[in-house]
Amino acid sequence: MRTVDRPERPYLGQKELDDLMRMNSELLAELWILRDRVTVLEHMLQEKSVIDRKQLNEYVPQGDLAKELERERAALIERVAGAPHATSYTFESLARQADVG
Amino acid sequence: MITLKQRGRAGLQFLGSLQTFSSSTLRDIAEQDYAAQPEAPELAEEFKSDARPHVWQDRLRRARDVVERSKAYRFNRFYQRWVGEQNYIRAIPAVEARRTEWQAIADAKKPKDTSRLQLNPNLEIPSWYEGVEWHLEPGGWDGYDMTQPMFMAGIGPYVFVHGGYAAVDVFADIRSQRGRVLDQLRVSEPKRIYEVGCGGATTLSIARQKFPNAELIGGDLSPALLRSGHFMSEMLGLNITFRQEDGCNVAEQDNSVDVVISYAVHHEMPPVVTEKVIREMFRILQPGGEMIINDPPPFRAVNPLQAVVLDWDTDNRAEPFFSAAASINLAEIMRDAGFVDVDEFALEKRGYPWVTRGRKPA
Chain A
0 MRTVDRPERP YLGQKELDDL MRMNSELLAE LWILRDRVTV LEHMLQEKSV
50 IDRKQLNEYV PQGDLAKELE RERAALIERV AGAPHATSYT FESLARQADV
100 G
Chain B
0 MITLKQRGRA GLQFLGSLQT FSSSTLRDIA EQDYAAQPEA PELAEEFKSD
50 ARPHVWQDRL RRARDVVERS KAYRFNRFYQ RWVGEQNYIR AIPAVEARRT
100 EWQAIADAKK PKDTSRLQLN PNLEIPSWYE GVEWHLEPGG WDGYDMTQPM
150 FMAGIGPYVF VHGGYAAVDV FADIRSQRGR VLDQLRVSEP KRIYEVGCGG
200 ATTLSIARQK FPNAELIGGD LSPALLRSGH FMSEMLGLNI TFRQEDGCNV
250 AEQDNSVDVV ISYAVHHEMP PVVTEKVIRE MFRILQPGGE MIINDPPPFR
300 AVNPLQAVVL DWDTDNRAEP FFSAAASINL AEIMRDAGFV DVDEFALEKR
350 GYPWVTRGRK PA
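One line per chain: the protein sequences are A and B, in this order.
Okay, so the first sequence: first residue is 0 according to numbering that gives the first Met the number 0, each after it adds one.
Okay, so the second sequence: first residue is 0 according to numbering that gives the first Met the number 0, each after it adds one.
Misleading hints may appear alongside valid ones.
As the list claims (entries may be wrong) - Heads up, simulated DSSO-like pairs for lysine-lysine below, C-alpha to C-alpha not over 27 Å straight-line: (1) B/Lys4 x A/Lys47; (2) B/Lys348 x B/Lys70; (3) B/Lys109 x B/Lys47; (4) B/Lys70 x A/Lys14; (5) A/Lys66 x B/Lys70; (6) B/Lys4 x B/Lys109.
None of these hints come from the bench; they were simulated from the model.
Just so it is clear, the structure is predicted and the values come from calculations on it, not from any experiment.
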């Protein structure tokens, strides 16, 4: 057993509760990263007078942007839904995530 | 300084905020819950006295049963573990995304003078050290070649800066703590200073500010940390010599240094090794010289809840010797090694930094 592996004893009394909390924590992190990004984005766009809020609300992604969103969505789902199953990690497994946006 | 991409930055900032919430709001509730338990006063009395390690384990088991009645404590521990893992799970991809830029800086600023970095590829690495992935970092101290940017541009400024992990209290400033520990030295103008288990140049860089004319030497087992320290030292002109060596057997002559610093290393070695290191440091000190140690506080110096928290690191944050180190008495070990004027005290609340210092008889 490696020293980074999770201890057998659950923190919240039951292993499945720990797993659910891991999913919840991942979601909370993702939610924050997204809110941070959107806030920065809106700020930058507003500074450059590129768009207004109405344009954002009306826009429908197509083509490469739609594909990018699909790829990011899949990575998000793997990160969140996969959280209870990723019982350990290595340098190699982490380095592969460098290209996620 | 190279900054992280938005995902890496925001993710690590989130960890810092979550750890702060856990170690302040949840911790405060857990302390209130614990204080309301009927066993709390008796446990508090019991925890004030020294004891052998197996007695501490029994005390801690009973205290943990009481502490864990608190839902806030259980969630606090869950978040501490989760953030501990996520530090690396988020920081390594974030740093990898900037590898090319970091590598360019490292190549451009590569130290020309390597005489102050003395690595020993033939050094026998102690068995207790090998394979430990300290603090949940995959591969341990020498597992990742980008450890320096990972801490300097990621985990350091976004997570550790808030404190609230291991023995470090929430909102504590770990950099100023190092300076305050060095302020406790009673030797006024040391000519030669040796730091055992120096890691990088963190503590020695502060020693340089305080003692601009002293010769500074750091020893450590980890080549990666020594390289990192040397890189920083040469870049900032700190003039520090880094040497890969075992703290039980260092290259310094008898009676050759005025001050020995040991900063947060004894909890990362078995007590029997701590005893050998302290005897070795006594050997190299000049008569009248001083050794100053900062480490997490012993169990006897903190309340039972804090003791349970410290003990928790052993099995949950890859600190295999944390409990063993908190069960021993560093001041007694120093006296047994020959030190005099030995004393011990906490600098901040919850017992950390915990300073133990002693002088070699003049």
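A quick look at each hint next to the structure:
Annotation: proposed proximity of B/Lys4 to A/Lys47 holds, straight-line Cα distance about 21 Å (limit 27 Å). For the suggested pair B/Lys348 and B/Lys70, the alpha carbons sit about 24 Å apart, so the restraint of at most 27 Å is met. Annotation: proposed proximity of B/Lys109 to B/Lys47 is violated, straight-line Cα distance about 51 Å (limit 27 Å). Restraint check: the Cα-Cα separation between B/Lys70 and A/Lys14 comes to about 16 Å, which is no more than 27 Å; the hinted pair holds.
For the hint pairing A/Lys66 with B/Lys70, the CA-to-CA distance comes to about 43 Å; that exceeds 27 Å, so the pair is violated. Our distance criterion of 27 Å between C-alpha atoms is met by B/Lys4 and B/Lys109, whose separation comes to about 25 Å.
Taken one by one, the earlier hints fail for this structure at numbers 3 and 5, listed in ascending order.
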